[in-house]
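Since chain A is already given, all that's left is putting chain B on it; use the hints.
Here is how the chains run, residue by residue.
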Amino acid sequence: MKLFIACAVSTALLVGCSQQAEADLATCKSDLSKAQSEATSAKSASDQKVAALETQLKQAQDQLAANQKATDDAAAATADKAAADKATADKTAAGKAAAGKKAAAELKQAVEKADVKAQTQTKDATTQQKAKAAGF
Amino acid sequence: MNLRSALVAASLAAVALLTSCGLFGGETFTLSSGTYKVSSATLASANDQCGLLGAYTDPAKVIGITVSGSTVTFNLANDSAAAANTLPTATINENAIETPVEANYTVAFGSTCVTRIHRNVIGDITANDEGALTLAFSVATESGNCSSGTSFSAVPCSSSYHFLVKKE
Numbered sequence: 001m002k003l004f005i006a007c008a009v010s011t012a013l014l015v016g017c018s019q020q021a022e023a024d025l026a027t028c029k030s031d032l033s034k035a036q037s038e039a040t041s042a043k044s045a046s047d048q049k050v051a052a053l054e055t056q057l058k059q060a061q062d063q064l065a066a067n068q069k070a071t072d073d074a075a076a077a078t079a080d081k082a083a084a085d086k087a088t089a090d091k092t093a094a095g096k097a098a099a100g101k102k103a104a105a106e107l108k109q110a111v112e113k114a115d116v117k118a119q120t121q122t123k124d125a126t127t128q129q130k131a132k133a134a135g136f
Numbered sequence: 001m002n003l004r005s006a007l008v009a010a011s012l013a014a015v016a017l018l019t020s021c022g023l024f025g026g027e028t029f030t031l032s033s034g035t036y037k038v039s040s041a042t043l044a045s046a047n048d049q050c051g052l053l054g055a056y057t058d059p060a061k062v063i064g065i066t067v068s069g070s071t072v073t074f075n076l077a078n079d080s081a082a083a084a085n086t087l088p089t090a091t092i093n094e095n096a097i098e099t100p101v102e103a104n105y106t107v108a109f110g111s112t113c114v115t116r117i118h119r120n121v122i123g124d125i126t127a128n129d130e131g132a133l134t135l136a137f138s139v140a141t142e143s144g145n146c147s148s149g150t151s152f153s154a155v156p157c158s159s160s161y162h163f164l165v166k167k168e
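Residue numbers (this note's numbering), protein chains in the order written: chain A, 1 to 136; chain B, 1 to 168.
Among the hints, erroneous ones may be present.
[Unchecked claim] Straight-line distance between alpha carbons at most 35 Å, and here's what the computed DSBU-like set of lysine-lysine pairs gives:
id: 1; chain 1: A; residue 1: Lys86; chain 2: A; residue 2: Lys96
id: 2; chain 1: B; residue 1: Lys37; chain 2: A; residue 2: Lys49
id: 3; chain 1: B; residue 1: Lys167; chain 2: A; residue 2: Lys132
id: 4; chain 1: A; residue 1: Lys96; chain 2: A; residue 2: Lys108
Hints are computed from structural coordinates only; laboratory data are not their basis.
Predicted model, so just to flag it, every value in this text is computed and none were measured.
With the rest of the complex left out, here is chain A:
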């Protein structure tokens, strides 16, 4: 009888334990599923953030490249303008030098051919002296 009671109690305990274990397992599965869902959501959010950061990075890289190109273009334009300005200046200087040389040659010829050759008149020269020098 005692043995029977013991078996019955044991059986009841085992049945109870089994039911508790199943309940615990179900809870565990539910928790695991929830955790998996949360992990999936977190991963998705991270992926989106990474994608957004990658997009921003690409935009920044594109902007940097555009800025670099603009800088290079500006430098090239500046160099071109400097070269053009120098060419113009060289041409102008050459023109002025040629004009000056021509004027000097014309002056020299005019001096040589002058009907009257006088000294450069100083401020100290009298009116009579100045008049005489010019044929007056």
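Relative to chain A, chain B alone:
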């Protein structure tokens, strides 16, 4: 008869008097070549841009005059070495010195400036070997920089002087 003679004599005397006063066509004077003293120089233009009037008001100023036929040549600096094209000429017509032929010549001042001068002389012969003349001239830059160092107050410029001349 006496009255007629008196009238004739009076008429002859009157004609002689008028002729001597130059009222019957006047006397024609002459200029001869030589050196003439300048006096009474005054400005004949509005102002003396060229600044040489002082040379003509100088009591020592003389000019050379050469007469050949009816042509009179003025050597204003009385420089015997002056080139012919620097000397203005004119034509003597009774007591008038007219139809001027301007002198057109260049003067170099040092090696940096060449001016071109145009000048002419006209006037009247007021007595034998005496005259009243007007000199007109202009100066311009021919070549170089003539802003200083020339004989003139400024370049370009123009001036005109009136003066009397009398042979020394």
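Going down the list of hints, with the structure as the test:
Annotation: proposed proximity of A/Lys86 to A/Lys96 holds, straight-line Cα distance about 15 Å (limit 35 Å). As the CA atoms of B/Lys37 and A/Lys49 are separated by approximately 116 Å, the hinted pair breaks the 35 Å bound. Distance check on the hinted pair: B/Lys167 and A/Lys132 sit about 20 Å apart at the alpha-carbon level, within 35 Å; holds. Restraint check: the Cα-Cα separation between A/Lys96 and A/Lys108 comes to about 18 Å, which is no more than 35 Å; the hinted pair holds.
Violated hint for the displayed structure: number 2, the only one.
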